[in-house]
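If you're matching them up, the sequences are chains A and B in order.
Per this note's numbering, the very first residue in the first sequence carries number 432; after that it's consecutive.
Per this note's numbering, the very first residue in the second sequence carries number 6; after that it's consecutive.
I should point out that these hints are in silico values taken from the structure, not numbers from a laboratory.
Quick reminder that beta carbons are idealized off the backbone N, C-alpha and C, glycines included.
Check before you lean on any hint, since a few could be wrong.
[What the hints assert, rightly or not] Below 27 angstroms or equal to it, Euclidean Cα-Cα: the simulated DSSO-like pairs (lysine-lysine) are:
no.	chain 1	residue 1	chain 2	residue 2
1	A	K541	B	K143
2	B	K143	A	K563
3	B	K222	A	K563
4	A	K550	A	K457
5	A	K505	B	K221
6	A	K457	A	K436
7	A	K486	A	K457
8	A	K547	A	K563
9	A	K563	B	K57
10	A	K505	A	K550
11	A	K541	A	K486
12	A	K541	A	K563
13	A	K632	A	K457
14	A	K436	A	K486
15	A	K547	B	K143
16	B	K57	A	K486
17	A	K657	A	K632
18	A	K486	A	K505
[Unchecked claim] Here are some chain B residues the structure puts well away from chain A; computed CB gaps all over 12 angstroms:
no.	residue
19	K57
20	L199
21	L215
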Amino acid sequence: MIEIKNVSKWYGAFQVLTNCTTSVAKGEVVVVCGPSGSGKSTLIKTVNALEPFEKGEIIVDGISINDPATDLPKLRARVGMVFQNFELFPHLSIMENLTLAQMRVMGRGKEEAVEKSLKLLDRVGLKEQAPKFPGQLSGGQQQRVAIARALAMDPMCMLFDEPTSALDPEMINEVLDVMVALAQEGMTMMCVTHEMGFARKVANRVIFMDRGEIVEDATKEDFFGKPRSERAQLFLSKILQH
Amino acid sequence: MEALDLSFFDWDLVQNFLWKGLVFSVQLTLVAMVGGIFFGTVLALMRLSSHKWLQYPASLYVNTMRSIPLVMVILWFFLLIPFLTGRPLGAEWSAIITFTAFEAAYYSEIMRAGIQSVARGQVYAGYALGLTYGQTMKLVVLPQAFRNMLPVLLTQTIILFQDTSLVYAIGAYDLLRGFSTAGRNFNRPVESFLLAALVYFVICFSLSLLVKRLQKKIAIVR
Numbered sequence: 432m433i434e435i436k437n438v439s440k441w442y443g444a445f446q447v448l449t450n451c452t453t454s455v456a457k458g459e460v461v462v463v464c465g466p467s468g469s470g471k472s473t474l475i476k477t478v479n480a481l482e483p484f485e486k487g488e489i490i491v492d493g494i495s496i497n498d499p500a501t502d503l504p505k506l507r508a509r510v511g512m513v514f515q516n517f518e519l520f521p522h523l524s525i526m527e528n529l530t531l532a533q534m535r536v537m538g539r540g541k542e543e544a545v546e547k548s549l550k551l552l553d554r555v556g557l558k559e560q561a562p563k564f565p566g567q568l569s570g571g572q573q574q575r576v577a578i579a580r581a582l583a584m585d586p587m588c589m590l591f592d593e594p595t596s597a598l599d600p601e602m603i604n605e606v607l608d609v610m611v612a613l614a615q616e617g618m619t620m621m622c623v624t625h626e627m628g629f630a631r632k633v634a635n636r637v638i639f640m641d642r643g644e645i646v647e648d649a650t651k652e653d654f655f656g657k658p659r660s661e662r663a664q665l666f667l668s669k670i671l672q673h
Numbered sequence: 006m007e008a009l010d011l012s013f014f015d016w017d018l019v020q021n022f023l024w025k026g027l028v029f030s031v032q033l034t035l036v037a038m039v040g041g042i043f044f045g046t047v048l049a050l051m052r053l054s055s056h057k058w059l060q061y062p063a064s065l066y067v068n069t070m071r072s073i074p075l076v077m078v079i080l081w082f083f084l085l086i087p088f089l090t091g092r093p094l095g096a097e098w099s100a101i102i103t104f105t106a107f108e109a110a111y112y113s114e115i116m117r118a119g120i121q122s123v124a125r126g127q128v129y130a131g132y133a134l135g136l137t138y139g140q141t142m143k144l145v146v147l148p149q150a151f152r153n154m155l156p157v158l159l160t161q162t163i164i165l166f167q168d169t170s171l172v173y174a175i176g177a178y179d180l181l182r183g184f185s186t187a188g189r190n191f192n193r194p195v196e197s198f199l200l201a202a203l204v205y206f207v208i209c210f211s212l213s214l215l216v217k218r219l220q221k222k223i224a225i226v227r
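Extracted from the complex, chain A is given alone in its bound form (with noise of 0.2 angstroms):
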């Protein structure tokens, strides 16, 4: 589904990716970790073309997302993203953060989107948060309502770019079931995460990068059970200490 070819990025001379490859098949559940300033929220957010990359290739469902012929906004629309920071649009209600997309990029008549919406609103449990504005929830219900926006376009796939890094502790394990259920019903995932809980739960593949490369791409088993890098298993100790 995801294909990550030997990409390569510079922030001038800086280089924050270096021969990153890997991949996400269908169905899989992703988590990329890592030291901050490693370059995996960079990572991600190549994979929607958020950011640009100088070197390689990535192929999200067969398309490659650096041929200038591209429909970008089209893939986009079937690639589900939600941001540490929520990123919901502050000036429209949840409702309209749900069906705004729905309506202008789908086509979907508003009757149609709204019903949508209230069903995923539902779902995370915020039905009843739909004419509020974003700044009246909690973090937490922000980023449900996030993922709920991206799941209200019927994403193939879902990126999750540290959906849990701003909020309050408390606020974590309510986003974090939410993935959970997503993950157990068979959505294919990429999610960059401190959250080794998480990753031990659903995760197929866990990625552990450093400065810009990927150290260690392997089976959650063999991640937690013997990881070969030594930086790995640096980072691992320091998480996994209490």
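For chain A, the structure is supplied; the task is to place chain B on it using the hints.
Chain B only, in chain A's frame:
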């Protein structure tokens, strides 16, 4: 020194000399505001574009307009049109076009700051949902930029209202011209210009008080 005599200032004077001028000043302000914000937004988007061929002309335009005194732009445009087209355009139309073009440069700087005040992540979120650049701007970024900048845009409009008095230079009949004509008619130029200053002050000061109240209201909503 003669004492000030304000006895000529009555309802007839307002009806005969001032009303027509005030109407034009307000019209000019409103048209230049709407047009200026529209073209200013286009200029701002051009300046923020990644294409150099859009950036440079817009920058050149904005910086040129901001470096020339308005009264000269008004005069030049007024004198240039008959020279180019062979027939005069009339002071009122000339003023409307000049002000729209000139104010667009100032509004564009405000809109540029407004667009930049919207977090980059909002653009990403728009794109990620499949919105095009145009849709992302129209539906996500500009509404927020506009709301963030509303007090500044209105303050600029108050300045614009004061600046409309510069059409005096090309003989358009605005509020100031109304006062000066009345002053000449009654041979009371000093009193008339004093009253003019007072009227401009009252209008502009009350408007800026309104903007201040609006600013507080917006701050609460956010």
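Check whether the Cα positions of A:K541 and A:K486 lie no farther apart than 27 angstroms.
violated (42 angstroms)
Holds or violated: are the alpha carbons of A:K550 and A:K457 at most 27 angstroms from each other?
holds (25 angstroms)
For the pair supplied as a hint, A:K486 and A:K505, confirm whether the alpha-carbon distance does not exceed 27 angstroms.
Between A:K486 and A:K505 the Cα gap is close to 23 angstroms, so the pair holds against 27 angstroms.
27 angstroms Cα cutoff - pair A:K657, A:K632
holds (17 angstroms)
Does the structure keep B:K143 and A:K563 at a Cα separation of 27 angstroms or less?
Within the cut-off at roughly 22 angstroms; holds.
Between A:K505 and A:K550, is the straight-line Cα distance small enough, at 27 angstroms or below?
holds (24 angstroms)
Holds or violated: A:K547 to B:K143, with C-alpha atoms at most 27 angstroms apart
Cα-Cα ~24 angstroms, so holds.
Within a Cα-Cα threshold of 27 angstroms, do A:K486 and A:K457 meet the stated pairing?
holds (25 angstroms)
Hey, A:K541 versus B:K143, does the alpha-carbon distance stay inside 27 angstroms?
Since the Cα atoms of A:K541 and B:K143 sit roughly 19 angstroms apart, the hinted pair holds (cutoff 27 angstroms).
Would the pair A:K505 and B:K221 pass a check requiring their Cα atoms to be no farther apart than 27 angstroms?
With Cα atoms ~41 angstroms apart, A:K505 and B:K221 exceed 27 angstroms; violated.
Does the alpha-carbon distance linking A:K436 and A:K486 stay inside the 27 angstroms limit?
holds (9 angstroms)
Given the hinted pair B:K57 and A:K486, is their Cα-Cα distance within 27 angstroms?
holds (23 angstroms)
Comparing the model with each numbered hint stated earlier shows that hints 5, 9 and 11 do not hold.
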